[in-house]
Amino acid sequence: MGHFITSKDIPADGEHIEKGKLSRPIMVCGVVALVGLIASACLLFIGNDAQNEAADTVAGRYAYSWLFAFAFFVSLPLGSAFWLLLHHVSNSGWGISVRRLMENLACVFPWLGILAIPFLFPQVQQHLFEWMNIHRGLEGVGIYGSAKEALHSSPDPHHVNHLLYLKHFYMNLPFWLCRMIGYFLILGGCLLYLRKLSVAQDNDPNPGIERLKTARRRTSWMLPIFAITVTFLAFDLLKALDYKWFSTMYGVYFFAGCALNGMALLILTTICLRRAGYMQNIMSPEHHHIMGKLTFAFVVFWAYVSFSQFFLIWYANITEETSYFILRNTGNWNIANIALVFGHFALPFLFLIRSDVKKKPGLMIPITIYLFVLHALDHYIIVAPERGPSLTHGGSLFSGGSVVWLDLLAFVTVGAFFAFIFLRSLTKFSLYPHRDPRIIESANLFN
Amino acid sequence: MTAKRVYGYLAEFKSASALYKAAEKVRDAGHKKWDCYSPYPIHGLDKAMGMKKSILPYLVFFGGTLGIITAFCLAYTTQVVLYPTIVQAKPANIFTTAAFFPIMFELTILFSGFTTLFGLLALMGLPRLNHPLFESRQFARATDDGFFIAIEARDPRFSSEETKSLLEDAGGANIELVEEPTD
Numbered sequence: 000m001g002h003f004i005t006s007k008d009i010p011a012d013g014e015h016i017e018k019g020k021l022s023r024p025i026m027v028c029g030v031v032a033l034v035g036l037i038a039s040a041c042l043l044f045i046g047n048d049a050q051n052e053a054a055d056t057v058a059g060r061y062a063y064s065w066l067f068a069f070a071f072f073v074s075l076p077l078g079s080a081f082w083l084l085l086h087h088v089s090n091s092g093w094g095i096s097v098r099r100l101m102e103n104l105a106c107v108f109p110w111l112g113i114l115a116i117p118f119l120f121p122q123v124q125q126h127l128f129e130w131m132n133i134h135r136g137l138e139g140v141g142i143y144g145s146a147k148e149a150l151h152s153s154p155d156p157h158h159v160n161h162l163l164y165l166k167h168f169y170m171n172l173p174f175w176l177c178r179m180i181g182y183f184l185i186l187g188g189c190l191l192y193l194r195k196l197s198v199a200q201d202n203d204p205n206p207g208i209e210r211l212k213t214a215r216r217r218t219s220w221m222l223p224i225f226a227i228t229v230t231f232l233a234f235d236l237l238k239a240l241d242y243k244w245f246s247t248m249y250g251v252y253f254f255a256g257c258a259l260n261g262m263a264l265l266i267l268t269t270i271c272l273r274r275a276g277y278m279q280n281i282m283s284p285e286h287h288h289i290m291g292k293l294t295f296a297f298v299v300f301w302a303y304v305s306f307s308q309f310f311l312i313w314y315a316n317i318t319e320e321t322s323y324f325i326l327r328n329t330g331n332w333n334i335a336n337i338a339l340v341f342g343h344f345a346l347p348f349l350f351l352i353r354s355d356v357k358k359k360p361g362l363m364i365p366i367t368i369y370l371f372v373l374h375a376l377d378h379y380i381i382v383a384p385e386r387g388p389s390l391t392h393g394g395s396l397f398s399g400g401s402v403v404w405l406d407l408l409a410f411v412t413v414g415a416f417f418a419f420i421f422l423r424s425l426t427k428f429s430l431y432p433h434r435d436p437r438i439i440e441s442a443n444l445f446n
Numbered sequence: 000m001t002a003k004r005v006y007g008y009l010a011e012f013k014s015a016s017a018l019y020k021a022a023e024k025v026r027d028a029g030h031k032k033w034d035c036y037s038p039y040p041i042h043g044l045d046k047a048m049g050m051k052k053s054i055l056p057y058l059v060f061f062g063g064t065l066g067i068i069t070a071f072c073l074a075y076t077t078q079v080v081l082y083p084t085i086v087q088a089k090p091a092n093i094f095t096t097a098a099f100f101p102i103m104f105e106l107t108i109l110f111s112g113f114t115t116l117f118g119l120l121a122l123m124g125l126p127r128l129n130h131p132l133f134e135s136r137q138f139a140r141a142t143d144d145g146f147f148i149a150i151e152a153r154d155p156r157f158s159s160e161e162t163k164s165l166l167e168d169a170g171g172a173n174i175e176l177v178e179e180p181t182d
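Chains as they are written, first to last, in numbering that gives the first Met the number 0: chain E, 0 to 446; chain Z, 0 to 182.
One or more of the hints may lead you astray.
[What the hints assert, rightly or not] DSSO-like mimics (lysine-lysine), calculated; alpha carbons at most 27 angstroms apart, straight line:
id: 1; chain 1: E; residue 1: 359; chain 2: E; residue 2: 292
id: 2; chain 1: E; residue 1: 243; chain 2: Z; residue 2: 89
id: 3; chain 1: E; residue 1: 7; chain 2: E; residue 2: 18
id: 4; chain 1: Z; residue 1: 46; chain 2: E; residue 2: 359
id: 5; chain 1: Z; residue 1: 46; chain 2: E; residue 2: 358
id: 6; chain 1: Z; residue 1: 46; chain 2: E; residue 2: 292
id: 7; chain 1: Z; residue 1: 51; chain 2: E; residue 2: 292
id: 8; chain 1: E; residue 1: 292; chain 2: Z; residue 2: 89
id: 9; chain 1: E; residue 1: 238; chain 2: Z; residue 2: 89
id: 10; chain 1: E; residue 1: 358; chain 2: Z; residue 2: 52
id: 11; chain 1: Z; residue 1: 163; chain 2: E; residue 2: 358
id: 12; chain 1: Z; residue 1: 13; chain 2: Z; residue 2: 89
id: 13; chain 1: Z; residue 1: 52; chain 2: E; residue 2: 359
id: 14; chain 1: Z; residue 1: 3; chain 2: Z; residue 2: 20
id: 15; chain 1: E; residue 1: 359; chain 2: Z; residue 2: 51
None of these hints come from the bench; they were simulated from the model.
Bear in mind the structure is a predicted one, so any value in this text is a computation, not a measurement.
Please model the entire structure based on the sequences and the hints provided.
What follows is the structure, given as C-alpha cells:
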C-alpha cells in the first residue's frame, strides 16, 4: 500500500479517457455490429414466413443462435446491475472507485433491448416457443390475441392444451409482449436514472450526501424490480423453450451466472484500464481482492444452485421435470454437461481459492476470460440442445446442416454491439465518481 | 527459597498506537521470540510485528481434500462395490456420484472444520495450564486496559541491558524482568 490517498490525489474533474484513444475500437465494433445486424436480419426474416410451425431452415437454426448470444450478453449487464444495486442499498463504501464502471456496464442493458426486438416477431418466435404456435394455431387468436377461451374449448387429445389453459394467466401472448417491453423499459430506466444521478454529482460544485441517500432509498425498491426482471426474463426467453418443463430454481440459476460474470467483466475492465494508466490512485490490489472474493463466492453459488436444480430433478424423477436433463444428457451433450461440473466449478474454485491470486492482475486476466468461456458453454447447453428436437419436431437430436458458423455470427454480432455501447459510455463520463463523499474511503480501502 | 529462571522483559505501553509503534521498533531490532498483548485485536499489528503468514490455510486445504476423498471412498465402496443399492432404476456405477455429492460436501466441511480447530490449537500451543507471564502482577491488566510487549530470554538477541534499553526507547513503562519458578 502506498501513502494515504487524500483529495489532493484525486483530480477535481475526474479522469477521462482521452478523446480519440478508443475511437478506433469503438468504430470497429460499430461496423462489425452493423454488418452483423444486417446479416442477422436477412438470415432471420428473408424467406421465413410465419407458419406457426418450427422448421429446420437457416432462419430456424439462426433463431437459436441469436437467443444463445443474446442470453449470454444480457447476463453481463444484469450481473453488473445487481452489484450496483447491492452496493447502493447496502450503503457500501468499498466500491465507490469502481461504481461508475458498474453503472456503465449496467446501462448497456436497456440498449440490448434493441437486440431483443427479433423475439417479438412471430417469424422468429415460431421456431423457439412452441406454446406460442399452439396459441396462434387456435381460432381467433391472431398474432397477439388471448387464447384463453380457445384453449378451453378446443379438442385436446394429449391434454397439452389443458396445461396451457391452466398456465394462461401467465403464458399468454399479450402479457408476454408487455413483459418483454417492460423488462427493458422499467429496469433499464432505473439503471439509467442511477447513472444520471451519479454523473450529476460529478458536475456539482458543492457535492453533498443527498444523492447517495436518494440512491440508497430508491434502490431499495429497484432491487425487487431487478429480481423480478432477471427471474422472469430467464423464464420467458430460456425456460419457455420447453413449456412443459418446471423448475423453480431456474431464475436463481440464471442469476448466479449473471452475478458471477458481471463481476468477472468488472475485474477485467478495471485491470485493462489500470494497465492503460488510468485509475492509479483510486484503486489498489485491495479492490481486486474484494472483487475476486465475490467472484469466488459466486463460483460456489453457481455450483450450489445448478447442482441443486439437477439433484432434485434427478432424485424425484418426475416425467415433466426430467425432460430438461434427459435431453442434455443424450448424445454428446453429456460430455459438455460433465465438463461444466469440473470446468465451471472445480477449476475456478481451485484457481481463486488463494488470496494472492486475486490480487495479481496478470493471473486474473486469463481466469476471467476462462470464466466467460465456461459461461458461454453453460448458456449454449441451456439453448442449443432444444434446437434439433424443436426444429425437426422430435425427429432428431441435432438440426441438419452446420450451425457453428451461425452461432459464431450471432455471438460476434451481439458481442460487438455490446462492446460498442460499453466502450462509448466509458469515454463519455469520468471513470469514477470523483466527487462522491466516500471516494477517499474507497481509495484507501483495506480489508 | 525456590530456584527461578528468567522468562524475559515485560513492558507496558500507554495505548494501542504506542504498542503498534513499539512493535515496529522491536521487529526492526531483529527480535524473534517476543509477543504483544492487548485487550482487543489491533488492525495491522501482525504486519508491525513482522509476522509471517500462518500455514493453517494449507492444513485446512489438505484436511478438506482428505474429507472429500474419504466421503467418496466411503459412499462408493458401500453403495456401489459392496452393496449396490438401486433406487428407481438409477445406475449403480460411477455415474451415481451425483448422489454422493451431499456427503462429499459435508465431510469436506467437517474435516476442514476439525483441521481448523485442532490445527489452530496445535499451532498456538494450546491448551496449556499456565504461562510464565502470569507471574507478573501488572500483566493481569492485559485483559482490561493494559498494552504489553514481552521479549523472551530465549531470543538470540536478548541481553539484560540492551533489551531493557530497547523497550525504554520504544516508550515502554513499568519494565519488569519476569522470572518463573523452575520447580
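Practice problem: Take a quick look at whether residue 359(E) and residue 292(E) sit within 27 angstroms of each other, Cα to Cα. | Solution: holds, 13 angstroms
Quiz prompt | Pairwise hint evaluation, residue 358(E) against residue 163(Z), where the allowed Cα distance is 27 angstroms at most | solution = Violated: residue 163(Z) and residue 358(E) sit about 41 angstroms apart, past 27 angstroms.
Quiz item: Within a Cα-Cα threshold of 27 angstroms, do residue 46(Z) and residue 292(E) meet the stated pairing?
Solution: Judged against 27 angstroms, a Cα distance of about 22 angstroms means the pair holds.
Quiz item: Taken at face value, is the distance from the CA of residue 292(E) to the CA of residue 51(Z) at most 27 angstroms?
Solution: It holds: about 22 angstroms lies between the C-alpha atoms, which stays within 27 angstroms.
Quiz item: Quick one, are residue 46(Z) and residue 358(E) close enough, alpha carbons at most 27 angstroms?
Solution: holds, 18 angstroms
Exercise. Mind checking the alpha carbons of residue 52(Z) and residue 359(E) for me, to see if they're no more than 27 angstroms apart?
Key: Holds, at roughly 18 angstroms.
Quiz item: Between residue 358(E) and residue 52(Z), does the CA-CA distance stay at or below 27 angstroms?
Solution: Judged against 27 angstroms, a Cα distance of about 16 angstroms means the pair holds.
Quiz item: Is the hinted pair residue 3(Z) and residue 20(Z) satisfied, with a Cα-Cα distance of at most 27 angstroms?
Solution: Status violated; Cα separation ~32 angstroms.
Quiz prompt | Pairwise hint evaluation, residue 89(Z) against residue 13(Z), where the allowed Cα distance is 27 angstroms at most | solution = violated, 69 angstroms
Exercise. Would you mind confirming whether the straight-line C-alpha gap from residue 7(E) to residue 18(E) stays at or under 27 angstroms?
Key: Holds - the C-alpha atoms of residue 18(E) and residue 7(E) are around 24 angstroms apart, at most 27 angstroms.
Quiz item: Within 27 angstroms, alpha carbon to alpha carbon, are residue 238(E) and residue 89(Z)?
Solution: holds, 26 angstroms
Quiz prompt | Straight-line alpha-carbon gap residue 243(E) to residue 89(Z), limit 27 angstroms | solution = holds, 23 angstroms
Checked against the numbered hints listed earlier, the structure breaks hints 8, 11, 12, 14; every other hint is satisfied.
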